[in-house]
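Dock chain C against the given chain A, drawing on the hints supplied.
2 protein chains.
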Amino acid sequence: MNVLPNETQFAVSFLCLVMKTEESKIMKVRRSDRLIDMTRYLLERPHTLVPLTFFSQRYESAKSSISEDLAIVRRTFAQRQTGILETVPGAAGGVRYIPTIGADEASEFISEMAQRMSDSERLLPGGYVYLTDLLGTPAVLRQIGRLIATQYLDSSVDAVMTVATKGIPIAQSVAQYLNVPFVIVRRDSKITEGSTVSVNYVSGSSDRVEKMELSKRSLQSGAGVLIVDDFMKGGGTVNGMKSLIEEFDVKLVGVSVFAEGSFAGERMVSDYTSLLQIDTVDAKGKNISAAPGNYLERNADLFKELNK
Amino acid sequence: MNVLPNETQFAVSFLCLVMKTEESKIMKVRRSDRLIDMTRYLLERPHTLVPLTFFSQRYESAKSSISEDLAIVRRTFAQRQTGILETVPGAAGGVRYIPTIGADEASEFISEMAQRMSDSERLLPGGYVYLTDLLGTPAVLRQIGRLIATQYLDSSVDAVMTVATKGIPIAQSVAQYLNVPFVIVRRDSKITEGSTVSVNYVSGSSDRVEKMELSKRSLQSGAGVLIVDDFMKGGGTVNGMKSLIEEFDVKLVGVSVFAEGSFAGERMVSDYTSLLQIDTVDAKGKNISAAPGNYLERNADLFKELNK
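Taken in sequence, the protein lines are chains A and C. The first sequence begins at 1 in full-length UniProt numbering and counts up by one. The second sequence begins at 1 in full-length UniProt numbering and counts up by one.
Heads up, some of the hints might be wrong.
Subject to a maximum C-alpha distance of 20 Å in a straight line, what follows is the list of computed DMTMM-like cross-link-like pairs (lysine to aspartate or glutamate) [what the hints assert, rightly or not]: (1) A:190 with C:279; (2) A:190 with C:210; (3) A:190 with C:188; (4) C:190 with A:207; (5) C:190 with C:210; (6) C:216 with A:121; (7) A:190 with C:121; (8) C:190 with A:121; (9) A:190 with C:133; (10) A:216 with C:119; (11) C:251 with C:133; (12) A:233 with A:271; (13) C:211 with C:247; (14) A:190 with C:207; (15) C:211 with A:188; (16) A:216 with C:133; (17) C:190 with A:279; (18) A:211 with C:188; (19) C:190 with A:188.
Label-pair restraints from in silico Cβ distances [said to hold, decoys possible]: (20) C:297 with A:289: 53 to 61 Å; (21) A:125 with C:187: 20 to 28 Å; (22) A:249 with C:263: 39 to 47 Å; (23) A:220 with C:266: 38 to 46 Å; (24) C:126 with A:211: 30 to 38 Å; (25) C:190 with A:270: 25 to 33 Å; (26) C:211 with A:119: 54 to 62 Å; (27) C:190 with A:308: 43 to 51 Å; (28) A:249 with C:264: 30 to 38 Å; (29) A:112 with C:222: 22 to 30 Å; (30) C:105 with A:105: 30 to 38 Å.
If you are wondering where the hints come from, they were derived from the structure by calculation, not from laboratory data. All residues carry an ideal CB built from backbone N, CA and C; glycine is no exception.
Isolated chain A (complex conformation) (with noise of 0.2 Å):
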């Protein structure tokens, strides 16, 4: 008689269990779903609160289990370093997520794009070095925006700024993972901009003086604005977007390159980073020299504070 309450004990709990894998069975095909659509909406969304109730609404789930969800996101996206999903607390709060770039990852970027930069095929007349092609490739860009939006993510960037051609692109990166708008500068105003203010500035490499312009309509005053370029030399392009930063009345949060090349003279620019540091060595001999930049070493403390 000792015997059957214990074996009814197992036949209850093995219908328990038998209702808890079915349970869990369709728990599992939803659960799928929505860490799938969860996943690409957040990536769509950097930097963007999104509150729990929007999705607890868009899975018809419970809040428990949405939070549940977010709980293996951010595991994920720290294991793998895509990034930090950061929990808002309160009634207004919810989670966001902050595109990041692993240190080895970062680095591992910036050596092969030295690697790749010093090419002899790139060497152009006049000792310059051909870029467009890697400044077209998606998946070059996608890197350089991360690489830089990291260096930003606590800073409150409202808008990133560039001067036509060659640097919209990687402004456009950029933008993206910081989810801000980017303006571009332009040295000849076309009548769709509307009114602009221009600036007259020095061309570090040339000594000359000349105008650039922006549309007046582009930037709110008191903006946070992140300049951003893909060569700079003398600095002199740099210096003329900090003049015009002056005359829209907003704030200069940083300068970030894609490369630097050497200057002989006194740089107008001092605080800047740079991925790559560019140089032509003896045009003759079509010789270039391309090592990093001082991204890392400029932002190893973040680098270190992402790792932990």
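Chain C only, in chain A's frame:
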């Protein structure tokens, strides 16, 4: 004596179930992580064949589990109209993510754009319309890119071509969704482009002859080229790009513009799609008329196919 074997059965079943549950718990965690990371990986590499063995090694999981994962991703992508997950069978096979947009989402986006465009604040002197803010907003560019890329999902586009400056953000976004390079035609070529090929073209609106150039090394002979631009009136600029395509011995795949304006004379380009039709009616009265372009109509069959 009939009861005991049954009870033993229960016990065994129970034990099995406990083990199974434990196993499925471990599997569940792993599957969740795989689904999240897989989704991100595929979204970042549209139109790229990813072998099953790649995922199998990345997640240290059996190919059968990976196949199951991909079936779930495929289903969710289809349900949410994120795109098609195409399976390529055979030893050299794998999966390929093809981004698409649903007919409803496309139509909603176009309506929203038309509405935002109608704002009289956008009216510029001379009857021009200010578009620069929209073409500098990542969320808007993302949708423009998805719309145009969906149109060419089955065409072999090897490169996207546009003319500086305002076409660039559109070209970059389309190129990202098709995962091909984009090339920028310039009216003023710079030394950093290397040798260029140039053509003269007649600007449709002003009847002036102008010049445009493209870096010689930017296109490989035989490539399929998609032309995109922000705005088309007489079609002169697009026609200039078509001349360049002939010079480069590449193939024109299609022409897609963000917006078209009505043109009094005969348009130089007849085969194109536009997301919007924008006209300024009575510049004095500050009126802009913005309506959907021919995009939805021209792609009606495609969207029927996608909705199946």
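CB-CB spacing for residue 187 of chain C and residue 125 of chain A relative to the 20 to 28 Å hint: holds, 21 Å
With a cut-off of 20 Å on the C-alpha distance, tell me whether residue 211 of chain C and residue 188 of chain A pass. With a Cα-Cα distance of about 16 Å, the restraint between residue 211 of chain C and residue 188 of chain A holds, given a limit of 20 Å.
State, for the Cβ atoms of residue 249 of chain A and residue 264 of chain C, whether the hinted interval 30 to 38 Å holds or is violated. Cβ of residue 249 of chain A to Cβ of residue 264 of chain C: about 43 Å, so the range 30 to 38 Å is violated.
Holds or violated: 30 to 38 Å for the Cβ distance of residue 105 of chain C and residue 105 of chain A? holds, 32 Å
Between the beta carbons of residue 249 of chain A and residue 263 of chain C, is the distance compatible with 39 to 47 Å? Distance hint for residue 249 of chain A, residue 263 of chain C holds at roughly 40 Å.
Do the alpha carbons of residue 190 of chain A and residue 210 of chain C lie within 20 Å of each other, as the hint requires? holds, 15 Å
Given the hinted pair residue 190 of chain A and residue 121 of chain C, is their alpha-carbon gap at most 20 Å? holds, 18 Å
Pairwise hint evaluation, residue 188 of chain C against residue 211 of chain A, where the allowed Cα distance is 20 Å at most: holds, 16 Å
Residue 211 of chain C and residue 119 of chain A, beta-carbon distance inside 54 to 62 Å? Given a distance of about 30 Å, which is not inside 54 to 62 Å, the answer is violated.
Would the hint linking residue 216 of chain A and residue 133 of chain C be met if the CA-CA limit is 20 Å? holds, 11 Å
If I claimed the Cβ atoms of residue 297 of chain C and residue 289 of chain A lie 53 to 61 Å apart, would that claim hold in this structure? holds, 55 Å
Please work out if residue 233 of chain A and residue 271 of chain A have their alpha carbons no farther apart than 20 Å. Distance ~13 Å between residue 233 of chain A and residue 271 of chain A Cα, so the pair holds.
When held up to the earlier numbered hints, the structure conflicts with 11, 24, 26 and 28 and fits the remainder.
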